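Quick note on the numbering used here: the sequence shown kicks off at 877 and runs consecutively.
Source of the hints: derived by calculation from the structure; they are not laboratory data.
Quick caveat, the model's predicted, so the values are computed rather than measured.
It is possible that some hints are incorrect.
Simulated pairs of lysine to any residue, SDA-like, Cα-Cα distance not exceeding 20 Å [said to hold, decoys possible]:
1) K993 x E1025
2) K993 x A943
3) K993 x A1021
4) K993 x Y930
5) K993 x L1013
6) K993 x E1020
The calculated label-pair distances, taken between Cβ atoms and stated as ranges, are [to be verified]:
7) G992 x E1025: 32 to 40 Å
8) G895 x E1020: 16 to 24 Å
9) A893 x D971: 17 to 25 Å
10) D988 x R1024: 17 to 25 Å
11) T969 x A911: 19 to 27 Å
12) G950 x G895: 36 to 44 Å
Note that the Cβ used here is the ideal one computed from N, Cα and C, for glycine as well.
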Amino acid sequence: MSAADPTAAAVVEALTARGETIAVAESLTGGLVVATLVGVPGASAVVRGGVVAYATPVKASVLGVSATLLAARGAVDPEVARQMAAGVREVLTVDGEPATWGISTTGVAGPDPQDGKAVGTVFVGIASADGATAWELHLDGDREAIRRETVSELLARMSSTARGAVPGHGE
877 MSAADPTAAA VVEALTARGE TIAVAESLTG GLVVATLVGV PGASAVVRGG VVAYATPVKA
937 SVLGVSATLL AARGAVDPEV ARQMAAGVRE VLTVDGEPAT WGISTTGVAG PDPQDGKAVG
997 TVFVGIASAD GATAWELHLD GDREAIRRET VSELLARMSS TARGAVPGHG E
């Protein structure tokens, strides 16, 4: 078994120290984000779980993403990433408390473009009770490389956020 991902470990450590929780909504990464997080010993203290909303209609029916938004802009969009992150916080509510943080991935891993977006166009989102932010990424490589880099980029942003740093202005 390989060692835990150091960025995921930093996220788990920071959230544990603050008594916070995290929920994950994934599309193109297909569960890799939550798998990376739960690979960290002690993750059960902070990880609520994950929703893989690979099919576009699931983003609306499970995560509460606006069906109108999805019809107008498609699934590869910054507002979709924000709504996925916000929605998963609520979906994975425990004892009346939403997760402190929701994080999300949506994008095009390839091999073909989707909704007019090029392969490697990805949006990652982070949401809290204070609102949601999304970042646009332009990644290179094959499907696997794009998916893995998406995980790395999202967890790096979440690590900065969990440690109280401002992770950038987002989209």
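Here is how each hint holds up against the structure:
Annotation: proposed proximity of K993 to E1025 holds, straight-line Cα distance about 18 Å (limit 20 Å). Between K993 and A943 the CA atoms are separated by roughly 19 Å; this keeps the pair inside 20 Å, and the hint holds. In summary, the hint linking K993 to A1021 is supported, as the alpha carbons are separated by about 18 Å, within the 20 Å threshold. Only pairs whose Cα atoms come within 20 Å are accepted, and K993 paired with Y930 is accepted, the gap being roughly 16 Å.
In summary, the hint linking K993 to L1013 is supported, as the alpha carbons are separated by about 12 Å, within the 20 Å threshold. Proposed proximity of K993 and E1020 is supported: the alpha carbons are some 18 Å apart, at most 20 Å. At about 22 Å, the CB distance of G992 to E1025 disagrees with the hint of 32 to 40 Å. Between G895 and E1020, the C-beta spacing of about 35 Å breaks the proposed range 16 to 24 Å.
Here the CB-CB span from A893 to D971 is close to 21 Å, well matched to the stated 17 to 25 Å. Checked against the hint of 17 to 25 Å, the pair D988 and R1024 passes, with Cβ atoms roughly 19 Å apart. Hint check: T969 to A911, Cβ distance near 22 Å, so the stated range 19 to 27 Å holds. Taking 36 to 44 Å as the suggested C-beta distance range, the pair G950 and G895 conforms, at roughly 37 Å.
In summary, the numbered hints that this structure violates are 7 and 8.
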